[in-house]
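Novice: Sequence:
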Amino acid sequence: MSAENPEQGFSFTDKRRVDPETGQVRQPQAGSGDTGAAEPSEAQEQAQAAAAEGRLDSDGPEVATGGEPAAETDPAAQAAGQAAGTAQPEAPAASGAEADDGALDPENVSPANDTEAELLDHLKRINAEYAAYRMRSQREQDRAKEAGVASVVEALFPVLDEVRLARENGDVEGPFDTHVTKLFDTLAKLGVTQYGEVGEEFDANIHEALMQQPSDEVETPTVFLVMQPGYMLGERVLRAARVGVQAPAD
-15 MSAENPEQGF SFTDKRRVDP ETGQVRQPQA GSGDTGAAEP SEAQEQAQAA
35 AAEGRLDSDG PEVATGGEPA AETDPAAQAA GQAAGTAQPE APAASGAEAD
85 DGALDPENVS PANDTEAELL DHLKRINAEY AAYRMRSQRE QDRAKEAGVA
135 SVVEALFPVL DEVRLARENG DVEGPFDTHV TKLFDTLAKL GVTQYGEVGE
185 EFDANIHEAL MQQPSDEVET PTVFLVMQPG YMLGERVLRA ARVGVQAPAD
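To convert, note that position 96 of the sequence shown is 80 in the working numbering; the numbers rise steadily by one, no gaps.
Simulated from the structure, these hints should not be mistaken for laboratory data.
Do not take every clue at face value.
[As the list claims (entries may be wrong)] Capping the alpha-carbon separation at 20 Å, the derived lysine to aspartate or glutamate pairs in DMTMM-like fashion look like this: (1) 173 <-> 219; (2) 173 <-> 126; (3) 173 <-> 130; (4) 108 <-> 98; (5) 166 <-> 155; (6) 129 <-> 169; (7) 166 <-> 126; (8) 129 <-> 219; (9) 173 <-> 138; (10) 166 <-> 152; (11) 173 <-> 161; (12) 166 <-> 145; (13) 166 <-> 146.
[Claimed, not checked] Distance ranges between label pairs, derived from CB positions: (14) 158 <-> 135: 28 to 34 Å; (15) 173 <-> 193: 28 to 34 Å; (16) 193 <-> 131: 47 to 53 Å; (17) 187 <-> 135: 50 to 56 Å; (18) 131 <-> 166: 20 to 26 Å; (19) 199 <-> 173: 36 to 42 Å; (20) 161 <-> 123: 47 to 53 Å.
Quick reminder that beta carbons are idealized off the backbone N, C-alpha and C, glycines included.
Take these sequences, add in the hints, and give me the full structure.
Specialist: This is the structure in structure tokens:
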């Protein structure tokens, strides 16, 4: 090439809309005569919208296409919503407390207390009746037992009289005397006692005087002869002792 027509250097225009080094969208140059000037503006809007969506996905809640915010996915926001939901049933709880306060109304409690007092009084009467029944039953049992023993002893009176006479005459000896002793010991265990001895003071409540004679040796009526001994069951006289009495001489 000659000096008049020097060789032109190679040059190109970078029309990429996104800077490969910074990753940002390039702004169109003012006064550019490119026929596609309208197209870069639309592409720029799309790129900016895409970048904005990326930032929203990473920094905040997603925005729906219709312009309305989407459902919150933040855990803190969900916890706040749950707390608000659990706090709502406080009103029914208050109504329940009011119901409890109404249950403590004296008008509502008085009938229950009256019923309890009536039942308690009824229970006390039943306990008193039961205690009286037990005492009455025990007395009846004791009387029945005493009557049974008395009937047996009364049936043995003839045998006991003969045994006594035989012992006084010395006819009860050896093994037979042992059996007689056991017989009277058994009667004593049942509460039966024999009484009537010479020298006792006469008592019309427990003695039956079959004969009486005056005597200067006594100052009060005194038993001097025992025809049949008497028997007692506890304090009950089964048979009065039949005796002879000496009375003081006038």
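Novice: Next, verify each hint and record whether it holds.
Specialist: Hints, one by one, checked against the model:
1. For a cut-off of 20 Å, the pair hint linking residue 173 to residue 219 stands: about 15 Å separates their Cα positions.
2. For the suggested pair residue 173 and residue 126, the alpha carbons sit about 15 Å apart, so the restraint of at most 20 Å is met.
3. Simply put, residue 173 and residue 130 have alpha-carbon atoms about 13 Å apart, close enough for the 20 Å limit, and the pair holds.
4. Our distance criterion of 20 Å between C-alpha atoms is met by residue 108 and residue 98, whose separation comes to about 15 Å.
5. With a C-alpha separation of about 17 Å, the suggested pair residue 166 and residue 155 falls inside the 20 Å cut-off, and the hint holds.
6. At most 20 Å may separate the alpha-carbon atoms for a hinted pair to count; residue 129 and residue 169 meet this at roughly 18 Å.
7. With a C-alpha separation of about 25 Å, the suggested pair residue 166 and residue 126 falls outside the 20 Å cut-off, and the hint is violated.
8. A distance of roughly 15 Å separates the Cα atoms of residue 129 and residue 219; the hinted pair therefore holds under the 20 Å criterion.
9. This hinted pair checks out: residue 173 and residue 138 have alpha carbons roughly 16 Å apart, not beyond 20 Å.
10. Between the alpha carbons of residue 166 and residue 152 the distance comes to roughly 17 Å, so the proposed pair stays at or under 20 Å and holds.
11. For the suggested pair residue 173 and residue 161, the alpha carbons sit about 19 Å apart, so the restraint of at most 20 Å is met.
12. Between residue 166 and residue 145 the alpha-carbon distance is near 16 Å, which keeps this suggested pair within the 20 Å criterion.
13. Taking the CA atoms of residue 166 and residue 146, the gap is about 16 Å. The hint holds against a cut of 20 Å.
14. Take residue 158 and residue 135: their Cβ atoms lie about 32 Å apart, and the range 28 to 34 Å holds.
15. Residue 173 and residue 193 have their C-beta atoms about 31 Å apart, which keeps the hinted 28 to 34 Å range intact.
16. Between residue 193 and residue 131 the C-beta distance comes to about 28 Å, which lies outside the given range of 47 to 53 Å.
17. Checked against the hint of 50 to 56 Å, the pair residue 187 and residue 135 fails, with Cβ atoms roughly 25 Å apart.
18. Against the hinted window of 20 to 26 Å, the Cβ-Cβ separation of residue 131 and residue 166 comes to about 24 Å, which satisfies the hint.
19. A beta carbon spacing of about 39 Å between residue 199 and residue 173 agrees with the range 36 to 42 Å that was offered as a hint.
20. Our hint of 47 to 53 Å for residue 161 and residue 123 is violated, since their Cβ atoms are close to 39 Å apart.
In terms of the numbered hints stated before, the structure departs from hints 7, 16, 17, 20, listed from lowest to highest.
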